[in-house]
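> Below are the chains, spelled out letter by letter.
2 protein chains.
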Amino acid sequence: MAILYGNAVVGQSGGPSSAINATLSGVIRGCLAANDTIGTLYGMQNGLEGLLAERLVNLRERIKGEDDLRCLETTPAAALGSCRLKLPNPLKERSIFDKVRAVFEKYNIRYFFYIGGNDSMDAVAKLTAYFREVEYEVRIIGVPKTIDNDLVGTDHAPGFPSAAKYVATTVKEIVRDCAVYTVPAVTVIEIMGRDAGWLATAAALPSLTGGGPDYIFLPERPFSPSTFLELLRKALATHPTVVVAVSEGCLFENGHYVGEGQQNGLSDVFGHRYLSGTGKVLEMLVKQELKCKARSIELSLPQRCAAHIASLTDIRESVAIGRCAVKEALAGAYGCMVGFKRTSNSPYTVEIVTVPVDTVANEVRFVPSSFINEAGNGVTEECIAYLRPLIEGEVKPVYEYGMPKHFVL
Amino acid sequence: MAILYGNAVVGQSGGPSSAINATLSGVIRGCLAANDTIGTLYGMQNGLEGLLAERLVNLRERIKGEDDLRCLETTPAAALGSCRLKLPNPLKERSIFDKVRAVFEKYNIRYFFYIGGNDSMDAVAKLTAYFREVEYEVRIIGVPKTIDNDLVGTDHAPGFPSAAKYVATTVKEIVRDCAVYTVPAVTVIEIMGRDAGWLATAAALPSLTGGGPDYIFLPERPFSPSTFLELLRKALATHPTVVVAVSEGCLFENGHYVGEGQQNGLSDVFGHRYLSGTGKVLEMLVKQELKCKARSIELSLPQRCAAHIASLTDIRESVAIGRCAVKEALAGAYGCMVGFKRTSNSPYTVEIVTVPVDTVANEVRFVPSSFINEAGNGVTEECIAYLRPLIEGEVKPVYEYGMPKHFVL
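Going down the list, the protein sequences come from chains A and B.
Under the working numbering, the residue at position 127 of the first sequence is numbered 190, and the numbers go up by one with no gaps.
Under the working numbering, the residue at position 247 of the second sequence is numbered 310, and the numbers go up by one with no gaps.
Rather than coming from a laboratory, the hints here were simulated on the basis of the structure.
Please read these numbers as outputs of a predicted model, since none were measured by experiment.
Errors might be hidden in some of the hints.
Remember, identical chains collapse to one label, so a pair may be satisfied in a single copy or spanning two.
[Stated by the list, open to error] As a list, the in silico DSSO-like pairs of lysine-lysine whose alpha-carbon atoms are at most 30 Å apart:
id : residue 1 : residue 2
1  : K356      : K149
2  : K149      : K350
3  : K297      : K354
4  : K390      : K149
5  : K169      : K155
Just chain A, with the same shape it has in the complex (with noise of 0.2 Å):
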């Protein structure tokens, strides 16, 4: 493979998580090692958006040295910007593409690295095949990012472990702080993920301590409003407080979704239908049904941006996997995602390895079958083997007038 000489650029795309960051510091700090070969690594800001109208920021300038990359791994949300810009179909509809072409030219970028989920994937893809056939050669490389942890390709995604960490010791702390009272109390915890309930899964990790939630439900096995009074029903008979865990995305059996009464009938330019009050659904339910107080909490925000609580070992692996991008473009890569291979639960070890992105644009990965216990209302021991490592260690972020210093690009 010959070395290609040229400029890179790097963007961060859909919702922001607490390791995005990260990510792009191991990229920054991949190219600035590759220094020989790749000129300027420019940043695009809010992603294809920006890149499309030329609002570039040159990293190198921008970047002053070991501290402010320190800083940018613990700063949570993307300090580039993001966007959700769906690209159409490079077959029909070209003159998105073009325009991203003429950028490329005018910066002579030959490196591209778009950090992003399932809907980044699927840009990552698109460019990929317009390139190709244009015959300009760029190594196109997604690097993945998101909380749901719905990426095929890849054992977890960057992103998931800092939210699962966060979900594991705030219901840990919920169900401890609903503990103090003798009066009968159902708790709903609203967690994130719209299709699949990889998030809601690390609500199950404080009960290796004993205080994990009574109940966990989600998207991958539907269930019935009678189905859950009576599981309801059963606990508070044993005691007082019963928490219960829910994803957003979970479905009662006659397929609709749990939240879809207090649906605002609103869908993303992707289609996907916003979800929300699932947890408020529930919570009326267990009033008007079981006459007993209750409530609903929907961890909400704090699931993707909650930096101070991230899981080290998810930034750790956010810088690598960054890095790797890079060293595995410089070595001819394109076309393709990074993404984990685990190797091992205990010790924990996984390998970045690559995959072609086609194969993982628009694709969802749910919770697998042997994860979710028989019943459909909690996860299994194989299931709690596969988290446990990945919130493992604790991030020490600079802080300064007592809140964690985020760096401003």
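Position chain B against the provided structure of chain A, taking the given hints into account.
Below, chain B alone, put in the same frame as chain A:
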């Protein structure tokens, strides 16, 4: 003052906090150090409710040493359990007080420490009045605790600084998260505070590093929907993502709670009306009137139980005030609450003082006018100077399986 030999009992009451167990630890440390005077230290399970049922645990036996105490200090919620028992007027209904007296006599209780908020101080005042009248010598001391910070007689209440640190950190993280997109959007963050807006003022702290919300609304300053919308329009004209922090107890100018429309109509045993949905109501208002993306986030229970991000200042002070309560009781104090008197903002210094509990019970301390800006949509420098030292310092809980370890009695 003659030395009073006998046993002691300690209880926790009202809503949990991240620091109430640190105060419990302080009381335990104080009693252990006074083992020439105080024989057994009992813990009442679920506060007065448990005392009346003689559900008492011997804390000397249950706490094995320094490791247990340290773990207790970073464990959220009330390790002894809590209750919301409202004592009647002792002049009118004596039976419950006679029952307390019978328990005191049976266990030779001469020291009574009650850790709680306004309602708990009401119990301390009533018990003091009763035992003074029946001439049973027992030194009844209230130890403050409330994340609401609305107790009079103390510069701030233990538990508030940790809740404030959680709010400041989380608002900072959410502001960062919101900043990644370019689409105009309003995010409303709902913060606990039924009557007083103390906790919402902490949302101003991220502004110290340029990442705070656009506006903060407190119950102390009712506003009109039109003013609210006008401010948002102004903010949206200068930047796409607008963040507003509101107290759950915010009022419209017509005197109605913003969240009233969303209320379930219930009130608790103290006659407080349950509020919820303040953020949701404002989200709806924005969607309807400004036709832009809007969402609301209720910070909910983690505000009072996210002990992993507790303020080290708070935890240290909470231990100290618990110890001091014992010291004061040994020196003859009774019928009082221990509290903080701030002697300097910079360097931050506090003294622990005692105040007569009947000047504290059933009073509410509001955010003073000098802490709120003229427009009533933010806080002043004086407020920031008050808050800043409280959230300084980070606790270092022991982690097991990637989650903070909790002490469970």
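> Can you give the numbers of the hints that this structure goes against, from lowest to highest?
Violated hints: none; all satisfied.
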